[in-house]
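2 protein chains.
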Amino acid sequence: MASQPAFHVQMSPTKVTVIGSGNWGSAIARIVGETAAQYSTDFDPAVNMWVHEEIWDGMKLSHVINEQHENPKYLPGKKLPENVVAVTDLIEACKDSDLLVFVVPHQFVSGVCEQLQGHLKDGVLAVSLIKGLMAIHKMGGIRLVSEEIQDILHIDVAVLMGANLAPEVANDNFCEATIGYGGSAETRALLKKLFQTENFRINVVKDAHTVELCGALKNIVACAAGVTDGLGYGDNTKAAVIRLGLMEITKFVEHFYPGSNLETFFESCGIADLITTCYGGRNRKVCEAFVKTGKPLKVVEEELLKGQSAQGPLCAEEVYGMLKHFEMEAKFPLFCAVHKICSGEMKPTDLIGCLRHHPEHRSK
Amino acid sequence: MASQPAFHVQMSPTKVTVIGSGNWGSAIARIVGETAAQYSTDFDPAVNMWVHEEIWDGMKLSHVINEQHENPKYLPGKKLPENVVAVTDLIEACKDSDLLVFVVPHQFVSGVCEQLQGHLKDGVLAVSLIKGLMAIHKMGGIRLVSEEIQDILHIDVAVLMGANLAPEVANDNFCEATIGYGGSAETRALLKKLFQTENFRINVVKDAHTVELCGALKNIVACAAGVTDGLGYGDNTKAAVIRLGLMEITKFVEHFYPGSNLETFFESCGIADLITTCYGGRNRKVCEAFVKTGKPLKVVEEELLKGQSAQGPLCAEEVYGMLKHFEMEAKFPLFCAVHKICSGEMKPTDLIGCLRHHPEHRSK
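Those protein sequences? They're chains A and B, same order as listed. Using my numbering, you'd call the opening residue of the first sequence number 818 and step up by one each time. Using my numbering, you'd call the opening residue of the second sequence number 818 and step up by one each time.
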């Protein structure tokens, strides 16, 4: 990140664009629209929201958003602040902005960045709200979404993660989020101001890679939790699996992205997001059904998620490739077992056997 | 603990007594009976189990245990190893022992210790498996079960806590536990040998007070989790409440029992036990019903727990008294809110308001 031009807080108000207008994009636009209007010396109150145009009920979605101040397709029933303006041209939406909030599905990140190349102001800051990993890295490693944005656009990137499902955020339920940004304290304070409301509480930490990796790796742990649910184990076995999964997350981050702070795992992006994902998330659900029904994972996914995909098995595959490349499988038995179970190379009932002599138990 | 005579591993095999024969006592006797027999150079294979005599099905319970090798009243259907011997006289059961495993309900701890005064060998080690706090300390502080045992018997005390409900342990489901012991590495290794089996995995850490306090304070957090469930909040609000509760646990331990290691909160005694308690435990259940029905807490407790009590409200009362005494209420808004809600001084709906400006959010 040191090689990227750092973002500096401007004297003039910071102009914000939300890139994305799905469920999560619309929910976050409600928040930044509100705070940008509230802190008008810090932010330009007019917040752009890039909308990938589509037709809704015979009308252009962007028109509906700008006239009704609501996104009826992706966040029905929730008003957007009037200062949030839908813009359908990506470059038009971003060219005057100082701060870009990335909230598109992760398969669109590269394309969006490539379109924006050469069209941004100098010293722009990106904030990625995208959970997940890019495709397998050529070097046998994984690739973070923030790294993809940086490599294409050469801009500074912060991340925002945590236990905050869009519907609950949009419902103004109390929840928390973690921002990871390694740059100046002034910028960290500005980010907190932009994203924090009475019901959406923000902590900002410096080790952005830790924050981002928690958001991706938790899905692997949720698959393991789903397998224990599917096998009919009780609460304590599941708690042990979640804990060992968290330990593998911390070890993975420490090894591949050194410089993490143990306290960051106690933030919303860490334990809080892990807990909700392992109890309520779709990866848990898919893996439980996979074990219970014996149907192929793809079939279960289609039946349960209706077109959406479970990130956990994909993430496990990528992480497994990396661990194999570096001959580190023995240190990450849970991550490896999840990949092998999801790919049919291992029986679900063998999960616990893989964890019995976990490195965590050997050391103490 | 430094003022207590330290336990030293003996040349002769260590003689073990389990003080207690309820559900948890019987489950742990199955484990230590097995390991004592397995490691017969380290342990005397004959493990005593103190049984508070009662009549079961017209027979003396101790006789049934010694003849059928099963505790049909408190752990039916699970065989005890034949080397576990029920002894009904407390002093007889303990007088030749080197290692006493305390696993009685916490209201009986003081009485048991007083009976044992003057009847133990020199240099005995206790291991407390008892979760909870003693009654309010005279000095406006709380009092740990391990402190009570130490103060009465002047012996070295270790603790064993974690996400390990007796029925699941007795069922040989995979789970984990944490032993806290500040003494020698040799003794820590001996304790791990005594308690660890293929399905009951042990980590031993040095900061015993942290381990013990996690076991007590988690119940307060579970009450808060139950309140959010009762109010109908979603997964993210609950995750935020659990996380803020954990942060208060860490701050409480750091302040009142300095010397804790942050990593200990990642052990089974920390996050794992907290998670299961906040999702499956009786404190959560009672507080959810308390909020939903509006009935007095005592009534809900009787209806749901049938004679057992929820430790959370009691623990919250004790902790609140301590925080008030030291004028530290502002630093522990969740602990204080739980006490006030359970005692009727605050409406459950005010819980979230107390957490919005949590010190955790102010500092970052």
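Hints should not be assumed to be uniformly reliable.
In this list, chains with the same sequence are indistinguishable; a pair is considered to hold if it fits within one copy or across any two.
As the list claims (entries may be wrong) - Here are the simulated DSBU-like pairs of lysine-lysine, each with C-alpha atoms no more than 35 Å apart in a straight line:
#1 Lys1068 to Lys1010
#2 Lys1023 to Lys1148
#3 Lys1141 to Lys1181
#4 Lys1109 to Lys896
#5 Lys1141 to Lys1010
For the record, the hints were derived by calculation from the structure and aren't laboratory data.
So, going through the hints one by one against the coordinates:
1. Taking the shortest Cα distances, lysine 1068 and lysine 1010 sit within 35 Å of each other both inside one copy (32 Å) and across copies (26 Å).
2. Both within a single protomer and between protomers do lysine 1023 and lysine 1148 lie at most 35 Å apart by alpha-carbon distance, with minima of 27 Å and 24 Å respectively.
3. Taking identical chains as interchangeable, the C-alpha atoms of lysine 1141 and lysine 1181 lie at most 35 Å apart only when both belong to the same chain, with a minimum of 26 Å there against 38 Å between chains.
4. Taking the shortest alpha-carbon separations for lysine 1109 and lysine 896, only the inter-copy value of 30 Å comes in at or below 35 Å, while the best intra-copy value is 41 Å.
5. In this assembly of identical chains, the alpha carbons of lysine 1141 and lysine 1010 lie at most 35 Å apart only when taken from different copies (33 Å versus 42 Å within one copy).
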